[in-house]
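Student: One line per chain: the protein sequences are A and B, in this order.
Reminder that position 357 of the first sequence reads as 357 in this note's numbering, one-by-one numbering, no gaps.
Remember, this note's numbering sits 1000 above the position in the second sequence when you count from 1.
Calculated from the structure, these hints are not laboratory results.
Even glycine gets a Cβ: it sits at the ideal position worked out from N, Cα and C.
Do not rely on the hints blindly, as some may be mistaken.
[Unchecked claim] Here chain A is said to cover these stretches of chain B; the calculated rule only asks that three of the stretch's residues, wherever they fall, bring their Cβ under 8 Å from a Cβ of chain A:
hint	region
1	1055 to 1069
2	1104 to 1114
3	1140 to 1154
4	1158 to 1172
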Amino acid sequence: MLKLVFLAPDNFSMAVYRFCFTVLFLFLVVQIEAQQVYTISGNVKDSKTGEDLIGATVFIKETGKGTSTNAYGFYSLSVPAGRYKLTAQYVGYAPQEQEVQISGPVKVNFTLSTRVSELGEVVVVSQRKNENIVQTQMGIQKFDAVEIKNISVLFGEKDVLKTIQLMPGIKSAGEGSSGFNVRGGATDQNLILLDESTVYNASHLMGFFSVFNSDAIKSVSVYKGNEPAIYGGRLSSVLDIRMNDGNSKKFGVSGGIGLISSRLTIEGPIVKDKGSFIISGRRTYADLFLRLSNNSDYKSADLYFYDLNAKGNYQINDKNRIFLSGYFGKDVLGIDAFGINWGNSTGTLRWNHILNNGLFSNTSLILSNYIYKIHIDEGVKLNILSRIQDYGIKQDFELCPGKDNSVKFGFNTIYHKIIPGTVTASEDIGFKNLSNKYTWENAVYFSHQFNAFHGLNIEYGIRFTTFSLLGPGSFYSYDSIGNTTDTTKYGSGKFVKSYFNFEPRVSVNYVIDDQNSIKASYARNVQNLHLLSNSTSGNPTDQWIPSSNNVKPEIADQVSLGYYKNFADNKYEFSLETYYKKLQNQIDYRDGAEISLNETAESQILFGRGRAYGLEFYLRKKTGRFNGWISYTLSRSERKFDGINSGHYFPARQDRTHDISVVGIYELNKKWTFSATWVYYTGNAVTFPTGKYQVDGKTMWLYTERNASRMPAYHRLDLSATWVVKKTDKTELSWAFSVYNAYGHDNAYSISFRDNESDPSKTEAVQTTLFKFVPAATFNFKF
Amino acid sequence: MKKHIILFAVACLGLSSCEKVINLDLGVTSPRLVIEGNIYNKPGPYTVTLSQTVDFDQSNTCPPVSGAIVIIADNHGLKDTLTEKDPGTYITSKIAGVPGYKYSLSVSVNKTTYTATSTMPAAVSIDSIFFEKFVFGNFDMVSIKFQDPVNIKNYYRIIEYYNNIRNTDFNTLTDDVYNGMGIRYSIMADEKNQFLFNPDDSITIWLESIDKGVYDYFRTAEINDIDSQSATPANPLSNIGNGALGYFNACSFTSKSIVYK
């Protein structure tokens, strides 16, 4: 039954698939127990809108064992014959109980109603009250739309990416940057998925805002490096964002009008209770204010971005459902002769199918596109275009073969086309287009979660991945100082270089009792797309390059250990997690590297390794009129490269010793809610000059060690208040007011050096601060 | 460039970012040797200056290095030991700058020798010099036009003298994109003067043809200016060995002048 046939590289993948599926079926045969079990399955939805509830808990009162709904609101449990009380729970909703008699597989659906919140009962987190204790998955933060709503960030906008940065282990890459660093990893090491499609650049306007319109978002899950085998492709984190499906019961309009931007969402049923759609849009209009300015240059400037999220779904019958979702966003920045625009677009077509014995299947067709364009119109008209396109198919299966057992397996395949730079000009300026890169990656995974013995839950999984660089094109080899030594041409579809990797994942949870647990985990992650960026906070023009004959896949191995405790009947949640991560094949640049629009950009790269370790502390008060959390991370992230700092370990740019976030939310009454956020972090590691000299009369800076200095510490306080003007079943109107950096601390965005203007014999350091005392007001409505 | 875009975006959003001078303790560092040497396609003498780096908080005047042994030789058998005219300033007496010749520099200080080589390219002449306005903002620029020789790889450095005072910016150019074409190179007027020239201002432009080693030096020296958002600032790629800072440049240049009316 086991067939292992090793063939030429392009057939290797097929052989592996056959091998893996054969192994899987063996496993399943072994797992089914002697006792006959039956499957209870179904959906958990919101009773008012029909939205699926992701991560809702369904558990059996008699045994206390349960499960969570998947990304489509679907759950399944296996039990022996008998009578059971089944309870479904979700944050912000009243639990629902159903009694069932099991003598065969049965479908049990739940529709939960939002709990009429009484003061003191604002439950802000967690599905089962002690979900954090009981769930096996560690290093994960989950949010739903309700929680994000309460925290207001810059300009009064609710921002998913900024909110997750208030959690331990997840740090902002800096003010004005939407990139983030997870457990000492680089900003390109985060896999950002919107309805399963990869988002390559999650920031608008140079990083001031993220591309996620929280009106369209249903849930956000962040895995800090030890995600289950279903995910892969980036070293440090997975950010899995799911869009709302739309109200399948009645039409609704909601939105907000603010100082800088406005949003509008329209949703409703396609066929009542069977299908729904949602369209959500957002646009900024900072440039409209520019039209009023006296400055003639600003008058004709463009500065805006927009997002459009659209989704539709239809329940064909009891066992089949289809979804179509898309996102389109664009940033435009233009001043007269110069303009730059960039944007992502994603599209996913999905089919959920439930097979007879509770086996859940999801098939997705996935498209993703990131493009940026620069146009210059000064004499010569010049257009530079760069693009990355993904075409993929994903197949996932989930089932519950036995008691306390759940199995997931599947595969995905993605074809990437990278167009690094195409130039069109009105005159021939002799610029040759950079060659396109074509790559194909595949992954096959299997994961199994089970209860080993009382209190010990184990989830293990394996992911096998292949990554191939394909022709057509010319491929170069370089010597140690970066000169091209060889050029080889490959035809279309030929395999230039392939990499194969296994990524094991394991997570163990020992539940000491209802209020205490210890978890440990190990994961290996491999990354084959790398972002070349030589700036401190990332540019939309940074270039993604694939692994190749010169660039090896990046590999991370991470172990973590954590202790979790709930206090006072689950009112308080506490956790202490520690991690150690080892990184291989990390990327840095030669001195004086030229990576922009360079056909031989690979020659400018240096390869080395890294390590990161830290301690994450988290304490949260979940209920009461006053609630909130404190998160503190103590950590270190280092790199080691031949040719930098004499080959010794040096701090990575994103190394940040202390990182503290304190969030407090106070519900004064039904009309007013106040919140305050205070953040503090040690400055990033930077390279500052240690001396100076003159060349041709110009002051030059002397650099000795890389990243031996620190930016000054960053801290700020944000305050916000929400005033609910009117709230009925049909209408909701509210005002949100906020102040960003309320006590106006001069946080350093950058530090530069120059000759003193009044005394040229001296030099000085100059700090630029971006935002102080920034107020915002937004009017929100919902019909 | 990116920093300017960010500040523009911030300004548009109705805010003003602020800048302030801060005190940073950048410590002390052991001094390093800085060598600057130029040989031109015009009669000598030519100068090599030696100085040392200083700490950030010290005055900008860098202490000269005296008593070094400085030798320049060409690849046609001529060897010239330079004499120290002023502290840190060494001048040649015999050697002549000839396009096509390869020159080597040797500097010995305190038992350490630093060497460099540079090949003098052929001169490229400036066809014309004129004033024009920048497309965006009505700012003044001075421009030169010259023809890039097609069958060799050319590297250029452009130096501007404004009223006989040398502008310290480094301007480099390579013919990667423009090989064999007519090139128009423009330099904007100084920011301090609202990007405008005044009547009777006299501008002289030098077009230096340099070799690759010197081009790499000045290209990376441009990046060395901390105003860029580079995450990996580094010392420029010097064409002098053994860890010396600075450059050794054998170049041909032509120049043209113009007066603003």
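Student: So, for every hint listed, does it hold in this structure?
Tutor: Against the structure, the hints come out as follows:
1. Only residues whose beta carbon comes within less than 8 Å of a beta carbon in chain A count, and the region 1055 to 1069 of chain B has 6; three or more means the coverage holds.
2. A stretch counts as covered by a chain when three or more of its residues have a beta carbon under 8 Å from one of that chain; for the region 1104 to 1114 of chain B and chain A the count is 0, and the coverage is violated.
3. Coverage of the region 1140 to 1154 of chain B by chain A is violated [criterion: at least 3 residues with CB-CB distance below 8 Å; count 0].
4. Given a C-beta distance limit of less than 8 Å, the hint that chain A covers the region 1158 to 1172 of chain B holds, as 4 residues qualify and 3 suffice.
Hint compliance for this structure: hints 2, 3 are broken, all remaining hints hold.
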